[in-house]
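Okay, here's what each chain looks like letter by letter:
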Amino acid sequence: MAKVLIVDDAAFMRMMLKNILGKNGHQIVGEAQNGAEGVKKYTELKPDVVTMDIIMPEVNGIEAVRQIMAIDPEAKIVMVSALGQEAMVKEALDAGARDFIVKPFKENKVLEVIEKLC
Amino acid sequence: MENYKDVFISESMEHINSLTQGLLELEKNPGNKEVITEIFRAAHTLKGMSATMGYEGMAQITHDMENLLDAVRNGELEISSEVIDVLFEAVDILESALDSLSESDEENIDAQEVSQKLSKFTQIKRKGDKDAAGRKVEVSLPEEGIKRIDIQLDEDCTLKSVRVYMAFRELRELGEIVKCIPDEEKLEDGNFDRSFSIFLKTNASEEEIRARLKKVSEVSRVEIYSGEASPAKEGKAKKVGDIKSVQTVRVSIERLDSLMNLVGELVISKSRLFQIKNKYAIDELNETLAYIDKLTTSLQEEVQEMRMVEVRYVFDRFPRMVRDLAKKEGKLVEFVIEGKDIELDRTVLDEIGDPLVHLLRNCIDHGIEAPEERVRKGKDEKGRILLKARRVKDHVEIIVEDDGRGIDPEKIKRIAVEKGLISESEAAKMSDDEAKMLIFTPGFSSADKVTDISGRGVGLDVVRNKILSLGGTVELESEVDKGTRFVLKLPLTLAITKALLISAGGKIYAIPLNNVNEILNVKAEDISTVMGQEVIQLRGRILPVYDLLSLLGKSSGTNSKHNRPVVIVEKGGNLIGLAVDGLIGQQEIVIKSLDGKLRDVRGFAGSTILGDGRVSLILDIASLGVGEW
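Top to bottom, those sequences are chains A and B. Numbering follows my numbering, in which position 25 of the first sequence is assigned residue number 25; successive positions increment by one, without gaps. If you count the second sequence from 1, you need to add 118 to reach my numbering.
Heads up, some of the hints might be wrong.
Below are the BS3-like pairs computed for lysine-lysine, each with C-alpha atoms no more than 30 angstroms apart in a straight line [to be verified]:
1. K584/B to K106/A
2. K76/A to K537/B
3. K332/B to K304/B
4. K278/B to K18/A
5. K109/A to K388/B
6. K304/B to K18/A
7. K109/A to K554/B
8. K116/A to K333/B
9. K304/B to K23/A
No lab work stands behind these hints, which were simulated from the structure alone. Note that this is a predicted model, so its numbers are computed, not measured.
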């Protein structure tokens, strides 16, 4: 079981992830609607895993990864990507993200990625 | 290593073909960026392949080709005819290396000379190739310490390129990525199926590699091959990729041959069953046998289909040849190929390469006139040669056509008389069409002078005999100053054919049906003797009739004063009659070639097994020893 922080500006996406993770025994410790909020919640909640959307207002996902990594180099961040965002995912990986999942979510893939990190 | 060599050779051949095609295109159209990229890629792939196989010469040449093409691609070097020539020269050497490698383990080439020529261009245009040294390292790569890692992604993996990226990142922690298949560009674009291979130079253990790759999600399978053979598996690895994408399997031709053989045996057993059924009048067998008949026919068709190869494999080598020859002869030629996708049995295709070379050489040497002569005649200064394949019912026709000077029957007659092939009086009686056919006579070569191109002592008679021995025919149409057209009619397959079974001297012989023109029942009184040769009259023509047994070197026991069936066959452009004892019928036969000591026996094309288990020899009309008459 992992403590997960979900960072996504779309409530719908947060709900989807919450459902998938929740019913498979993971605990959603917090949610954030943009990068800045995500970084703040990370320091407060110390989750095991963060799911990070890429395109978000104000501070985007990649920038948020950089900031979190600066605070905690051991942070386990999973990018949430849409199709066609290859370049950005690579950038996030270079910034320190551990893995990524692709929208629309497939339950088994999400679990594979999250559970691998725990 | 040996296992990979075959794959290496066949695949390299494909790349060399595309190099040749590309260069020809580039010569016509030097600005074609796409073609440049394509040949660059071919050279690049060849370089990687030959380097991993340890073929230094090929690697060296392709490396220099790549540099040159790179310079062209970057606009630093202009395509000139010298550049094209040197590139062609390089391709030739690569090809000869492959030839040599297919027989031995040595490349047997001198890479230095052409390599210098190639690099001369780049040296002039560039101030030293900065990364040449770096690339050299790759060329002389040590094989040990390289692991090949095959990675397969989940079927529903969406951002494949990112997974590749992650795998690369992980593996780079362990060592140096030497190469990957498909190439990095394709992988980065996600332009591949599910699998890819990475060659990693590393001291890390298999476990370490696996642990690293575990971190990458959506990986369904990882295979690691290490040791000496690993880089050489490259060719094979690529094939595995191919299998996935195109759903094909490479099967050696021997396998197909033996499959064909088995099907042949089945066809024989089938006819044996039919005979038994008829002999004992077993009606219950009817339905089953009809079904077996249908099945064997489908099976036969399937196997035959598998053996079919597109004629492009032979045709594709001609544009280069035509170009070179035309250039040498100072002739301008537009070479057009049509119907490349027509398929022929592999065996037939293998055999027609040389005849086609000969015919095309003839077109350039004898057919197409020099530009000034063409202009004088009011023709376009550029001659046109057409090589075309087309399917006509159960045959394939290959047409070789030029718009050159055509065949002048009078000139042909004159030459034939000079060479003593025919007499003056014969020449006078000859029709134009008959005269044209003289070019197929052994010993005929109308080239006024022996050139490098034609007139190598191999005449058109050899071409014709080859086609006839394949069960095909050659037709010739020609008009003075309009052009010449050869039409080769070829059977789709060689292994199973229809034959006429005849008996002579108590034995059964098979005559391939495509040799048989007609069958006559000749009364003894219709046979007359002219100049010691028995002849018959057929619709106003006089044909020689030979006793088949005597032709085969056996004494004929049959009294020639009886009525006898005579099979009229075409031989060397003439019709002759073969007197036999009896006609048995028409049947599908499976041709088994004569091996070993029997191979050179004249008059027989092979043997076959009849439905009742008896062995029958198949007559080869083209090589049947008929004396001059």
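Now for the hints, and whether the structure bears them out:
1. K584/B to K106/A: At roughly 64 angstroms apart (the allowed maximum being 30 angstroms), K106/A and K584/B break the hint.
2. K76/A to K537/B: Status violated; Cα separation ~92 angstroms.
3. K332/B to K304/B: holds (23 angstroms)
4. K278/B to K18/A: Judged against 30 angstroms, a Cα distance of about 26 angstroms means the pair holds.
5. K109/A to K388/B: violated (57 angstroms)
6. K304/B to K18/A: Violated, at about 36 angstroms.
7. K109/A to K554/B: Given pair K109/A, K554/B is violated - Cα atoms ~76 angstroms apart, limit 30 angstroms.
8. K116/A to K333/B: holds (7 angstroms)
9. K304/B to K23/A: Outside the cut-off at roughly 39 angstroms; violated.
In this structure, the hints that do not hold are numbers 1, 2, 5, 6, 7, 9, in rising order.
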